[in-house]
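Trainee: Sequence:
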Amino acid sequence: MERLFKGNTWLSKFKLWVLYGFIAFIIAITIAVFGIITYTSDSSKNNSRRVFESSLWNTLQLQIQSYRFLNYLIELDEADYPLNGNAFFEYDLLMSRVDLLRQGDVGSLIRTFESGRTTRLLNIINGELELLSFNLSKIESGDTSYLPDLIERIQRIEEQINEFVTLVNKGSNEFISNQHKTLQKNLDDIQLLSMALLACLLCLCFFTVKGLTELRNVIKRNDELKLGIQTVHEDKANLLSFISQEIRSPINAILGTAKTLNCTESKNDTGVLSKHIEESGHQLLQTIEMLSDLALIDAKQLTLNPTTECLQKSIEDYLAIFEPQMTRKNLQSILYIDPLLPKDISLDFIRTKEIIVALLQNAITYTSSGSISLQIRPSALNAPQLPLVPDTKEIRVMQIALRDTGLGMPNELQQNLRINPSLPMQQEGPLPSKVGLSLALCHKLVYLMQGEMHFSCAPQKGCEFWVDIPYYVPSTNLPTSSAFHCTEQTQALVIETDTHLAKIIGLQLATFNIDAIFSKDGSLQEYKDYDLVILGNTPRFERDGNDALQQWKAKSCPILGYNPQAISHPEHSIIPLHFPLTQTQLEPLIAGLFSPKKTTYKDISSKAHKND
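Here the sequence shown stands for residues 1 to 612, numbered as in the numbering used here.
No lab work stands behind these hints: they were computed from the structure.
Quantities reported herein were computed from a predicted structural model and do not represent experimental measurements.
C-beta: ideal position from N, C-alpha, C; glycine also.
Keep in mind that the hints are not guaranteed to be accurate.
Each computed DSBU-like pair below joins lysine-lysine, with the alpha-carbon atoms no more than 30 Å apart [to be verified]:
1) Lys393 x Lys343
2) Lys300 x Lys259
3) Lys393 x Lys461
4) Lys393 x Lys353
5) Lys553 x Lys503
6) Lys503 x Lys555
7) Lys313 x Lys503
8) Lys259 x Lys353
9) Lys181 x Lys259
10) Lys210 x Lys236
11) Lys353 x Lys503
12) Lys329 x Lys210
13) Lys313 x Lys236
14) Lys300 x Lys434
15) Lys353 x Lys313
16) Lys181 x Lys170
17) Lys236 x Lys226
18) Lys313 x Lys210
19) Lys259 x Lys236
So the derived label-pair ranges between C-beta atoms look like this [unchecked claim]:
20) Glu587 x Asn546: 21 to 31 Å
21) His485 x Thr287: 36 to 46 Å
22) Gln155 x Arg102: 16 to 26 Å
23) Thr182 x Leu131: 27 to 37 Å
24) Val389 x Ser456: 25 to 35 Å
25) Thr287 x Lys313: 21 to 31 Å
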């Protein structure tokens with residue numbers, strides 16, 4: 001409520017607390033009114049039950065029963081004997097009335113009448129009646145000589161009984177009068193409290209009307225601000241679209257000129273400059289597209305346009321964009337696409353490219369040396385409930401996992417990036433000024449595509465991003481991609497110090513039905529009986545690498561590698577591999593070595609050196 005009316009409004013903070021005080025006061029008055037009403041109702045019931053039905057009625061019954069017992073004794077004659085307990089029965093009835101007046105709530109009430117005089121009289125009456133039991137037992141046995149004395153004793157206590165009845169009647173009347181006064185006082189209090197409650201309710205109604213009026217004005221002002229913000233976003237989107245349209249033509253001209261320079265015979269400075277021009281032009285186009293898409297997302301005007309394309313070719317093209325940058329920084333990149341994914345999928349490849357480009361650009365920025373791996377694999381998440389696009393049969397989820405061995409992102413950038421728009425009370429996405437343009441667009445695109453984005457970073461150990469996005473399976477698509485498969489029990493030795501890089505190479509070899517054995521820093525001469533050797537980064541090459549290569553060569557064991565010291569010597573006959581290392585690059589080499597109609601290892605090696 002405070003946030004709603006915060007600012008220079010009629011309901012300031014002080015007046016808001018006054019309103020809270022009024023509400024609490026009304027609640028207190030209401031509780032007091034209902035409490036008094038309940039108390040008054042219970043008191044009237046108790047008074048009616050105790051005074052009229054209990055005390056006074058039992059007192060009159062005592063008087064009547066004493067007369068009945070006296071008449072019973074007077075009217076006894078010789079024909080009534082033996083009594084057979086009838087006298088004791090009448091006597092017990094009389095004593096029961098005394099007991100009712102002495103015990104329980106009735107006795108407690110009677111003791112308050114006439115300053116205890118009624119209690120003393122009741123004790124006298126009870127004592128006198130207790131003394132009658134001896135004479136009564138004699139009469140029951142047939143001795144009538146005790147009858148006159150018994151009658152006389154009963155007649156003597158008639159005065160006490162009459163006085164007791166009078167005092168109880170008087171006390172009851174006084175008690176009733178006091179109760180009436182108390183009830184009248186409670187009714188007066190209820191009337192006053194009701195008037196105060198009515199006045200407070202009127203004040204509350206006044207505050208409510210003012211509050212609702214202010215609330216309506218705030219909602220109206222909020223709608224106007226939202227409309228203004230939406231208009232600003234639309235204007236920004238239109239402006240950026242105009243900028244993109246105007247700048248795209250000259251940039252395309254620059255790119256065309258750069259390509260023309262690349263085709264000239266001179267490959268010295270002109271070729272280097274043209275490559276830089278081409279690369280810069282692509283980066284500028286990419287920046288413009290990012291700004292345009294970010295503005296469209298903020299204006300809620302960006303629509304996804306799925307197209308059916310080859311997944312592997314598209315991802316390899318995206319990775320090839322950064323080959324010049326990674327080559328300059330001497331970064332080793334590798335790509336693995338899980339064969340369980342369909343070969344062709346339906347997806348907005350333009351937005352997917354922007355996501356992968358953003359993740360790669362971030363990894364290159366924070367990695368000064370080492371490797372960058374990109375994996376495309378099925379995700380364990382359930383597919384979201386989305387309508388199918390034409391010519392598709394189901395929705396699945398794939399995971400884009402990118403890992404680097406760099407320095408790791410700063411903590412401030414990580415905190416700003418940990419935003420999930422699907423959770424309540426979360427922002428729509430990180431600000432570009434906090435995380436950069438590429439990551440901000442990547443984050444918004446992932447959640448726009450109904451996906452999720454997670455990452456993990458460790459200082460000096462690099463970062464790993466997991467991006468899950470749904471895709472459509474075309475109706476006519478093959479279930480999995482078909483790749484070359486080697487015969488059973490084909491083994492390869494992977495010599496690589498970078499554990500993660502070696503792991504991805506092992507996954508790539510597994511797609512060709514090749515089991516990989518990894519060596520990190522052991523002696524190269526210990527590994528002799530293998531069908532294939534992939535020689536990567538290892539500190540042991542200078543010491544015993546030449547001997548191992550000669551032994552593998554003597555056994556006609558094919559050697560693929562990207563170790564610069566080994567590739568620089570043609571006599572080693574190593575089939576060179578270049579980065580980014582992909583399954584598409586490995587497949588023809590593996591097929592040429594292990595297919596039934598395979599070419600010679602020497603021919604493949606010389607051809608690879610020529611292409612390299």
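Trainee: Which of the listed hints are not met by the structure?
Mentor: 2, 3, 9, 10, 12, 13, 18, 19 and 23
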